[in-house]
Amino acid sequence: MHILAFLIRRLFQAVIVMLIISIIGFSIQDQLGDPLRELVGQSVSEAEREALRDRMGLNDPFWTQYLRFLGNALGGDLGTSYFFKKPALEVILAKFPATFELVLGATFLFVSASIPGGIYCAIRPRAWLARFIMAGSIIGLSIPIFLTAIFLIWIFAVELGVMPSFGRGETVTLPWGWRTGFLTRDGLLHLVLPSISLAAIMLPLFIRLIRAEMIETLSTEYVRFAWAKGLAARRVWFVHAFRNTLLPVVTVGGLQIGTLIAYTILTETVFQWPGMGFMFLEAVKRVDTPLIIAYIIVVGMIFVIVNTIVDLVYTLINPMVKLPGAQG
Amino acid sequence: MALLEVRGLEVAFPQGPRDEALALRGVDLDLDPGERLGVVGESGAGKSMLAFAILNLISEPGRIRAGSIRFDGRNLLTLPPAEIRNIRGNRIAMIFQDPMMTLNPVLTIGRQMVETLQAHRRIGWAEARKLSIERLGQVAIPTPESRFDSYPHELSGGLRQRVVIAIALLTDPEIIIADEPTTALDVTIQAEIMALILRLCRDHRVGLILITHDLGVVAEVTERLMIMYAGKVVEEGSTRQLIEHPGHPYTRGLLAALPQRVARGQTLNQIPGTMPGIADLPAGCAYHPRCERAIAGCHINIPVLEAHGSRRISCFRPLLAGAEA
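Taken in order, these protein sequences are the chains called Y and A. Going by this note's numbering, the first residue of the first sequence is number 1, and it counts up by one from there. Going by this note's numbering, the first residue of the second sequence is number 1001, and it counts up by one from there.
Possibly wrong hints are sitting among the right ones.
As the list claims (entries may be wrong) - Here are some of the chain Y residues that sit facing chain A, going by a computed Cβ distance under 7 angstroms:
#, residue
1, 221
2, 222
3, 225
4, 227
5, 228
6, 229
7, 230
8, 231
9, 243
10, 319
11, 320
What the hints assert, rightly or not - Here are some, though not all, of the chain Y residues that point toward chain A, as calculated from beta-carbon distances under 8 angstroms:
#, residue
12, 215
13, 232
14, 235
15, 244
Hints in this document: simulated from the structure, not taken from any laboratory. If you're wondering where the values come from, they're calculated on a predicted model, not measured in any experiment. We put the beta carbon where it would ideally sit given N, CA and C, even for glycine.
Produce the entire structure from the sequences given, and follow the hints as far as they go.
Printed below as a string of structure tokens:
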């Protein structure tokens, strides 16, 4: 019952957020230059262009155009890509698995490295390894992702020649049309460098975050009490301190997943990764307005869904928080 | 021999890159089985420091610089970590000051009890649960079965302190160290909690080290008293003797400051000045700037704890007229 009330409330909020995103997304359409220039050649006369504009509804007032767009969007139609001549949503969804798997790979990497790293730096702050990690994390924070990516390509693809430098490699199409690179050796190999590049953005941030929160938790009275009860160090660290460390980390971490999606644009471009981000940059170059708008809306939707999941997870690990809007 | 015997305990904190300041300056303490000892002093006198030092739980950057803590004949300061863990929370348990902060907010009461038992015994969940609920009942928590599954935030401060006491009792300890166990509670509940601690210690013959700044509480609960000032014991003796005939000017000052000793309508007494911090102790007796009996020598020499009959006082001019038989 609680979960249901929470979800209904969340759904309502999501609708409002999506409406705002769609208005902003749609309103950039007029700022990206004349779509007809891309659609038709130089030879078409101005009169013909005007007729075409009328037919496409580009001369209608903004709100008329927006409402038409909204009506279509509700039916799953986000416009037709000028370049691909296919529904924009279809184009994006075909690219979605690649981006999703890249984000998943990067998340797996930075989560599995930052948790032990952060905990270690918190419980052994004076160890040389902890100092080394902390110093390294500052450097890591300040290196832009395309530099990391190009550096990795140079070392592992060019000099050592052990890693592929671009593309997804061999993929397998699952029954529901999802193309995955997880199931082949080649696909996984192709995932390594892009995932590391993308994870490198998050890793230093999370190590520092986990360390700072953990140090704070370790100095609380309940951790002192846990020691006074004679518990083993492992239990004090991982059950008493780390569970409380997780609360703020999950909140901040959830917000960072948005940043991660933003950085896929850069990563995918450097590695020619056939995902949504790479597609988006190409769409911008081609002034493929419907595709750009569709991308903004799909990414907005991912944000809303991820944040809802994060809120749900938070309530699961923090007994003091009742789901908002689900009292009683 | 005493069950717990602390000798010359010094706790130091770094002061700048080279120097250290002493939070405890050579403290002795003895506790016999089942004995109840009060440790009294102003905030910052080192009472809590003493409590944590006994369990070897001084947190960084502090450290125990000198002294010994013998419990049951073994020095806790030289025991390997696994063995001291066997004593902490098992044979010497502790009750903290603020029950709102002592229990872990994300774990149920039950888990925090069972884990304590399982840290010290080979015991299954069902049996540990049964024992925990029994203890919750002993500290007069209503419907202990349902409280077992509660989270700390679902309980009031008074109930939480009862839970903390129940946790301390779980393993039938020989000594309980209670660090200002009622300070953070509502006045109406303070007496109840104190009575509970006293009853449990008496019934189970558990030794108690009660740390407090409240001489009124100590008078009712403890048999022996230790007065601390600026990291040192200034007077030590039977509770009754110290309260009726304080030997150290500081003890007398504390007693005179009790509101119940002042007639209605009169100004409350106070000791002039404040206690010096550990980093800026005056030369000589640390109390001399506030002492109305200070003489020239008090500024220069540090007095030592000397026996005066059955008590010990650290003062060049103790108040002894009529105090000793």
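Against the structure, the hints:
no.: 1; hint: 221; result: holds, 4 angstroms
no.: 2; hint: 222; result: holds, 4 angstroms
no.: 3; hint: 225; result: holds, 5 angstroms
no.: 4; hint: 227; result: holds, 6 angstroms
no.: 5; hint: 228; result: holds, 4 angstroms
no.: 6; hint: 229; result: holds, 4 angstroms
no.: 7; hint: 230; result: holds, 3 angstroms
no.: 8; hint: 231; result: holds, 5 angstroms
no.: 9; hint: 243; result: holds, 5 angstroms
no.: 10; hint: 319; result: holds, 4 angstroms
no.: 11; hint: 320; result: holds, 5 angstroms
no.: 12; hint: 215; result: violated, 11 angstroms
no.: 13; hint: 232; result: holds, 7 angstroms
no.: 14; hint: 235; result: holds, 7 angstroms
no.: 15; hint: 244; result: holds, 6 angstroms
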